[in-house]
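Visitor: Can you make the complete structure from the sequences, with help from the hints?
Respectively, the protein sequence lines represent chains A and B. So in our numbering, the last spot in the first sequence is 268, and the numbers never skip. So in our numbering, the last spot in the second sequence is 268, and the numbers never skip.
Hints in this document: simulated from the structure, not taken from any laboratory. Accuracy of the hints is not assured; some may be wrong.
As the list claims (entries may be wrong) - Computed spacing ranges between beta-carbons, pair by pair:
1. A/160 to B/27: 35 to 43 Å
2. B/233 to A/160: 55 to 63 Å
3. A/89 to B/31: 31 to 39 Å
4. B/194 to A/66: 45 to 53 Å
Unchecked claim - Looking from chain A toward chain B, a few residues come up when the C-beta cut is under 10 Å (computed):
5. 134
6. 145
7. 162
Values in this document were obtained by computation on a predicted structure and should not be read as measured data. Cβ coordinates follow ideal geometry from the N, Cα and C atoms, glycine included.
Number of protein chains: 2
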Amino acid sequence: MENKSSYPIGVFDSGIGGLTVVKSLIQLLPNENIVYFGDTARVPYGPKSNAVVREYTRDDVNILLQHNVKMIVVACNTVSAVALDVVMQMSSIPVIGMIAPGAEFALKNSSSKQIGIIGTVATIQSKAYENTLLQLDSSVNCFAKACPLFVSLAEEGMFNHLATELIAKEYLTPLLQQKIDTLILGCTHYPLLKDAILKVTQGAVKLIDSGEAAALKVKEVLQQNNLLNENKDSPLLQLFVSDAPEKISKLCEQFLGRKPGAIRQIHI
Amino acid sequence: MENKSSYPIGVFDSGIGGLTVVKSLIQLLPNENIVYFGDTARVPYGPKSNAVVREYTRDDVNILLQHNVKMIVVACNTVSAVALDVVMQMSSIPVIGMIAPGAEFALKNSSSKQIGIIGTVATIQSKAYENTLLQLDSSVNCFAKACPLFVSLAEEGMFNHLATELIAKEYLTPLLQQKIDTLILGCTHYPLLKDAILKVTQGAVKLIDSGEAAALKVKEVLQQNNLLNENKDSPLLQLFVSDAPEKISKLCEQFLGRKPGAIRQIHI
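Guide: So, in structure tokens, the structure goes:
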């Protein structure tokens, strides 16, 4: 049987937020080749109907499959919430979404079982994290809050601005009043705002980065399937977007935590 | 010759921000029938390439033309900046964009000829307002600043929040230091933040609402073409979007300043 371990991991998102997941993957699995596709022509998916998100998801997965990926990471909470089955039906390779790993990791870290969830309006309205948490442990109490401004604040680089803290305080106070001990950052943009969030939660709450949780799950699944890449020779990170690669290179650097290299455009 | 004065004015935008322009139109021209199309399936246009914006613009205009509009108002700064010629080439009816009316109105109001311009990253990078102002009066000094967070703050309804003031102060201080006496609100979302902006500018600066300026121009052009609707019987406002009308009705109310009535979906 052909050994596919050197094949890349495919990662996709509606835009470039998913690069925080790539950052976590690279930290945990530095030997892996990665192909990333960001659908920057049609971002954001959150406000779109489920039918449209499922249609776009098919296009995104087809692009990754053309690159012979050995696994797919859905680095987009919206797609993970409403179209994970679409991704799974399109091939036989393993698929990891954002919701289940984040929910499992939160449960492991919570002792009070009072768990907060923040995300975009679409993710929170989908109740995807809540439903998954309750399936895993019916004694959990979930407290969810949409934080629509966090994406823009992250993209503006206002990581430590007083305005960001004020907005974080407004969003998070209702959750803190519920005495949560764990908070799921249910959006790939939010890890960039960790400092401002920590100032508001003041160490009382364990933050769950759903990208980090997904990376742990990726490692586990690659091991189970004997697909870990043992070749240490300069692993390749290939970045593709569906529109305007020249406009997003600086933002990509912030999300990825390093210079992104060439970003190529794929027309869809 | 057929009298087209009872035909509707067609208005379109990448999303629902253009409803602030509709609000201005209704205030100034209460007898007019209006058809609005918001391309909510593909919003925002700003980060997209010019080729994509021009392609989407064709779709939007075709939808309005199917409704027998007597005139088209491009209630979107991005389309006005990069695809106004596309709109004009598609029919012989009058077309009003956002840039020229806003620039002309700013010039009328400025005595120092120090004019500030704020808008999305795309609008500011296009230099559309600057170029138009300089064509109209080469002695003008323009000072432009992109305010990417303003759209999200407006959509979050944080009109009078301290965080909004802090962010407005950060964005506007460099312009105020240039002693501007006039500020063009070059984005259809920004009129919702007028109060916060006024707190920062403290009466020293005349704010130019580009939607109000466009409405004045619409009235002028309708008069010139003998197209003003004199029939005062309950004018019709028809709203169409390309995705998820159920998700945006509350937001539409904020932008329009009144209940929007039925919002219908058109698949594109």
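Visitor: Which of the numbered hints are not met once you compare them with the structure shown?
Guide: 3, 5, 6
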